[in-house]
Amino acid sequence: MIRNFVLAGGIIVISVRIDVFNDECLWKKFGEDKSVFMKMFGEARSILGYMSILQADLYFHGGVGHFYEEHAHGLALASRDDERDAVEVEDDHGHPHEHNHNAFAVPSKGGILLNIVQHIYVSDHKHLLGKDEKEILPWFYFAVKMDPHNIMAYTVGGYWLADRMKDVDEGLNLLKQGLVNNPESWEINAELARVYLTKKHNYSSAKKLLIGADKLLSGVPHDRFQERYVLSLLADSAELSKDKELALNSYRRIKVLFPEDPNVERMIARLAGSEDAR
Amino acid sequence: MNEAIKIEHLFHTYHTGKISTDAINDMTLSVPKGQIFGFLGPNGAGKTTTIKYLLGIFKPKRGTVAVLGGSPSEVEARQKMGYMPENAEYYKYLTPRELLRMYGGVCGLGGTELEKRIDMLLGTVDLIKESDRILKTFSKGMKQRVSFAQSLINDPDLLILDEPTGGLDPVSRKRMRESLLALKREGKTIFFSSHELSEVELISDSIAIVNRGRLLAEGKVSDIVTLKGEKQSLENYFLEIIEEAA
Amino acid sequence: MKAVLSIARGMYLELFRRKDFYVMLICMLALLSILASQRYFNVEGITRYLRDFGYTVVMLFSFLIAVIVSASQIPWEIESGTIYPLIAKPVSRLTIVTAKFFGSFMTGGAAFVAYYAVFVLFCAAQGEGFSVVLFAQAFYLGILFIAMVSAISLFFSVFMTMSAAVTIMMLVYFFVVNFGDALRKYVLGSEGIQFIFGCGIYYLLPHFDFFDMRIRLTHEWGVLPVWILVAITAYTGVYIALLIFCSSALLEKREL
Numbered sequence: 001m002i003r004n005f006v007l008a009g010g011i012i013v014i015s016v017r018i019d020v021f022n023d024e025c026l027w028k029k030f031g032e033d034k035s036v037f038m039k040m041f042g043e044a045r046s047i048l049g050y051m052s053i054l055q056a057d058l059y060f061h062g063g064v065g066h067f068y069e070e071h072a073h074g075l076a077l078a079s080r081d082d083e084r085d086a087v088e089v090e091d092d093h094g095h096p097h098e099h100n101h102n103a104f105a106v107p108s109k110g111g112i113l114l115n116i117v118q119h120i121y122v123s124d125h126k127h128l129l130g131k132d133e134k135e136i137l138p139w140f141y142f143a144v145k146m147d148p149h150n151i152m153a154y155t156v157g158g159y160w161l162a163d164r165m166k167d168v169d170e171g172l173n174l175l176k177q178g179l180v181n182n183p184e185s186w187e188i189n190a191e192l193a194r195v196y197l198t199k200k201h202n203y204s205s206a207k208k209l210l211i212g213a214d215k216l217l218s219g220v221p222h223d224r225f226q227e228r229y230v231l232s233l234l235a236d237s238a239e240l241s242k243d244k245e246l247a248l249n250s251y252r253r254i255k256v257l258f259p260e261d262p263n264v265e266r267m268i269a270r271l272a273g274s275e276d277a278r
Numbered sequence: 279m280n281e282a283i284k285i286e287h288l289f290h291t292y293h294t295g296k297i298s299t300d301a302i303n304d305m306t307l308s309v310p311k312g313q314i315f316g317f318l319g320p321n322g323a324g325k326t327t328t329i330k331y332l333l334g335i336f337k338p339k340r341g342t343v344a345v346l347g348g349s350p351s352e353v354e355a356r357q358k359m360g361y362m363p364e365n366a367e368y369y370k371y372l373t374p375r376e377l378l379r380m381y382g383g384v385c386g387l388g389g390t391e392l393e394k395r396i397d398m399l400l401g402t403v404d405l406i407k408e409s410d411r412i413l414k415t416f417s418k419g420m421k422q423r424v425s426f427a428q429s430l431i432n433d434p435d436l437l438i439l440d441e442p443t444g445g446l447d448p449v450s451r452k453r454m455r456e457s458l459l460a461l462k463r464e465g466k467t468i469f470f471s472s473h474e475l476s477e478v479e480l481i482s483d484s485i486a487i488v489n490r491g492r493l494l495a496e497g498k499v500s501d502i503v504t505l506k507g508e509k510q511s512l513e514n515y516f517l518e519i520i521e522e523a524a
Numbered sequence: 525m526k527a528v529l530s531i532a533r534g535m536y537l538e539l540f541r542r543k544d545f546y547v548m549l550i551c552m553l554a555l556l557s558i559l560a561s562q563r564y565f566n567v568e569g570i571t572r573y574l575r576d577f578g579y580t581v582v583m584l585f586s587f588l589i590a591v592i593v594s595a596s597q598i599p600w601e602i603e604s605g606t607i608y609p610l611i612a613k614p615v616s617r618l619t620i621v622t623a624k625f626f627g628s629f630m631t632g633g634a635a636f637v638a639y640y641a642v643f644v645l646f647c648a649a650q651g652e653g654f655s656v657v658l659f660a661q662a663f664y665l666g667i668l669f670i671a672m673v674s675a676i677s678l679f680f681s682v683f684m685t686m687s688a689a690v691t692i693m694m695l696v697y698f699f700v701v702n703f704g705d706a707l708r709k710y711v712l713g714s715e716g717i718q719f720i721f722g723c724g725i726y727y728l729l730p731h732f733d734f735f736d737m738r739i740r741l742t743h744e745w746g747v748l749p750v751w752i753l754v755a756i757t758a759y760t761g762v763y764i765a766l767l768i769f770c771s772s773a774l775l776e777k778r779e780l
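Residue numbers (the working numbering), protein chains in the order written: chain A, 1 to 278; chain B, 279 to 524; chain C, 525 to 780.
To be clear, the hints were calculated from the coordinates, so they are not data collected in a lab.
Treat the hints with care, as some may be off.
[To be verified] To be clear about the criterion: a stretch of chain A counts as covered by chain C if any three or more of its residues have a C-beta under 8 Å from a C-beta of chain C, and this derived list gives those stretches:
| no. | stretch |
| --- | --- |
| 1 | 57 to 63 |
| 2 | 112 to 123 |
| 3 | 154 to 168 |
| 4 | 237 to 244 |
[As the list claims (entries may be wrong)] Derived pair list, reagent style BS3-like, types lysine-lysine, alpha-carbon separation capped at 30 Å:
| no. | chain 1 | residue 1 | chain 2 | residue 2 |
| --- | --- | --- | --- | --- |
| 5 | C | Lys709 | B | Lys370 |
| 6 | C | Lys543 | B | Lys339 |
| 7 | B | Lys311 | B | Lys358 |
| 8 | B | Lys284 | B | Lys337 |
| 9 | B | Lys394 | B | Lys418 |
| 10 | B | Lys296 | B | Lys358 |
| 11 | B | Lys296 | C | Lys526 |
| 12 | A | Lys215 | A | Lys255 |
| 13 | B | Lys452 | B | Lys462 |
| 14 | B | Lys339 | B | Lys421 |
| 15 | B | Lys284 | C | Lys777 |
| 16 | A | Lys242 | A | Lys166 |
| 17 | B | Lys330 | C | Lys526 |
| 18 | B | Lys370 | C | Lys777 |
| 19 | B | Lys358 | C | Lys777 |
| 20 | B | Lys337 | C | Lys709 |
| 21 | B | Lys407 | B | Lys337 |
| 22 | C | Lys526 | B | Lys370 |
| 23 | C | Lys543 | A | Lys109 |
| 24 | C | Lys709 | B | Lys414 |
| 25 | A | Lys166 | A | Lys199 |
| 26 | C | Lys777 | B | Lys394 |
| 27 | B | Lys414 | C | Lys526 |
| 28 | B | Lys407 | C | Lys526 |
| 29 | B | Lys337 | C | Lys777 |
| 30 | B | Lys296 | B | Lys370 |
| 31 | B | Lys418 | B | Lys452 |
| 32 | C | Lys543 | B | Lys421 |
| 33 | C | Lys543 | B | Lys407 |
| 34 | B | Lys337 | B | Lys498 |
| 35 | B | Lys418 | C | Lys709 |
| 36 | A | Lys109 | A | Lys145 |
| 37 | C | Lys709 | A | Lys126 |
| 38 | B | Lys498 | B | Lys452 |
| 39 | C | Lys543 | B | Lys358 |
| 40 | C | Lys526 | B | Lys421 |
For glycine and all other residues, C-beta sits at the position ideal for the given N, C-alpha and C.
Generate the whole structure from the sequences, applying the supplied hints.
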């Protein structure tokens, strides 16, 4: 018995020291793609990375997935003949759905067993707010460690750290790490630039990154909304770093993509007017 | 009722798929109270099946089985019955004391009365020193002695033993014989099956020999072995009768 | 009652002399220690994932111990020959099965209590999001879950080998947890003979989802109303009683 507890203590001490995710870890020295962890999981790591992102979303919604929430409410209605108690409400995303307030109504179909579960399962809709928002961070951490090529993990994680957690430096670190692992990703370039632009007010760095993002974007299939996003940021960063020509060119390109948008016309006019005034 | 065991016209057939085997074929047997009764037969003779009827594991579809005046499938009839299986592997992580305490509790015993009885039984089987060692560390002979002790936990009037001396060294076998004779002097009835014919001859009052579910011989040992006019060993008689039946 | 407790006690003693319990405890300690010591992006006070992992591990390990202990009882007794001296004692098959159930439940329950205590210590040390009432409810439902699992595994073991009983138990658990919802939706949306048939299957299946407090515990949703706990307790009691009766009837008929 004593021997077992000594062994247990030893395992706990060693396991806390040998941190798989620690930069000083032996395995990391062999390089990201050649680490023992990567070799063990192979291609499955991309699935694990994706599942981690899904978990992050689930955590954001208090553990209740969208599917289940609608399903549970649907069941609540299906088990009742009388829909008088059903009330239409909007959730935090603005999606309408019916919510039955009469939780203690006697079920009309299937007996108590078939209906008791709706009182057991959680089916309400909520988002993490305030200090609870940090709870989804481990899943971004796991996502990027499982799959260093999971772009969404870096971009959403970076946004979460910089904007929601107000930890800009950590957000930047994550995005930079993402860029090292995915230099060809326009999304990470753009997101990194956005953080520099909006949080650090480092317009020149933002501009450089966005020029790169623009080049990368042009080499991959994309839609006009994505292009507009990059060009908008580029225009802002160019204007703020006193590069009016680049800003104007960016707005003109946006106008080609969205000729119906009056705001773009106003931006062009404002910039062109101020240039003429000079 | 003077009989501890009474079996009348018992039949039992095992069905394995399309194959049917008669394990017991019209057996009629009675064991008087207060005797040591040896139940002999080659492998597959039906001894274990008969014992299962005596324990109430099987319920007779043809024939009757009575133990101490009652049906063995009823809980009351088993109140004063003890059973020692052949080669039972008891709970490895219990000690003999804990095992006997468990079986004693099952029989409705408890408290200091049970503890005294456990000490007495462990002394009888010479396992006092090992009483707090787990059974996993026991040898075959030691497990056999534990098995004998548990069969006596409820002070039974009828003891059914399956190969009681199997795996025991000569000293332990002698102790077992002495224990059985002492139990007989207390008025207990002992029904045991064994392949050790020399042991059977030494202690049994009566025996029965079965083969292929049929009773070939039954009676006092001394009467049976001098049946053909000359005295012979039980072993010779046994082999002869089995060959004749074949 | 004495007979039941005597047999149950013997089984319970075995748990602490086997290695399985300690191996799982050590694994759990190691896992929770690693998770609790992690800092993600230099942010402190992240607690939910620890509760999530910890509760899952507690339930999984307790489930494994309960299933393995229960499913091995009758097959092992038959294989080792110890069923015969037990049956030879003045006890009925019902008493034997009841005792085996209590023993398995006490064994699985003891393991659950130990693992849950470790889990609660880790969560309480974190401080945030620790609701005593929620944890107490989760504990109570966990105990009921272990009882349910023990009874079902024991039932299967009466007419199957140990490995078959364990496998079938795992399959039943997997099916109920993953498809129980779909079955419920199907039944509620059906009519006539389909509804009756669906209801029959639904009521026969064990509802492990009733005992799952993972989402409430992890994400700090409210406590369950008392009437729900009473209903789940009644459901569990009735289900277990029926299983024990069926098990003893099957053991009576079984050729040993």
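The hints, checked one at a time:
no., hint, verdict
1, 57 to 63, "holds (count 3)"
2, 112 to 123, "holds (count 9)"
3, 154 to 168, "holds (count 3)"
4, 237 to 244, "violated (count 0)"
5, Lys709(C) - Lys370(B), "violated, 48 Å"
6, Lys543(C) - Lys339(B), "violated, 46 Å"
7, Lys311(B) - Lys358(B), "holds, 13 Å"
8, Lys284(B) - Lys337(B), "holds, 14 Å"
9, Lys394(B) - Lys418(B), "holds, 26 Å"
10, Lys296(B) - Lys358(B), "violated, 39 Å"
11, Lys296(B) - Lys526(C), "violated, 44 Å"
12, Lys215(A) - Lys255(A), "holds, 19 Å"
13, Lys452(B) - Lys462(B), "holds, 15 Å"
14, Lys339(B) - Lys421(B), "violated, 35 Å"
15, Lys284(B) - Lys777(C), "holds, 24 Å"
16, Lys242(A) - Lys166(A), "holds, 28 Å"
17, Lys330(B) - Lys526(C), "holds, 26 Å"
18, Lys370(B) - Lys777(C), "holds, 28 Å"
19, Lys358(B) - Lys777(C), "holds, 24 Å"
20, Lys337(B) - Lys709(C), "violated, 48 Å"
21, Lys407(B) - Lys337(B), "violated, 41 Å"
22, Lys526(C) - Lys370(B), "holds, 22 Å"
23, Lys543(C) - Lys109(A), "violated, 49 Å"
24, Lys709(C) - Lys414(B), "violated, 52 Å"
25, Lys166(A) - Lys199(A), "holds, 9 Å"
26, Lys777(C) - Lys394(B), "violated, 38 Å"
27, Lys414(B) - Lys526(C), "holds, 26 Å"
28, Lys407(B) - Lys526(C), "holds, 28 Å"
29, Lys337(B) - Lys777(C), "holds, 10 Å"
30, Lys296(B) - Lys370(B), "violated, 38 Å"
31, Lys418(B) - Lys452(B), "holds, 17 Å"
32, Lys543(C) - Lys421(B), "holds, 23 Å"
33, Lys543(C) - Lys407(B), "holds, 26 Å"
34, Lys337(B) - Lys498(B), "holds, 29 Å"
35, Lys418(B) - Lys709(C), "violated, 59 Å"
36, Lys109(A) - Lys145(A), "violated, 48 Å"
37, Lys709(C) - Lys126(A), "holds, 24 Å"
38, Lys498(B) - Lys452(B), "holds, 22 Å"
39, Lys543(C) - Lys358(B), "violated, 38 Å"
40, Lys526(C) - Lys421(B), "holds, 25 Å"
Of the numbered hints given earlier, the model fails hints 4, 5, 6, 10, 11, 14, 20, 21, 23, 24, 26, 30, 35, 36, 39; all others are met.
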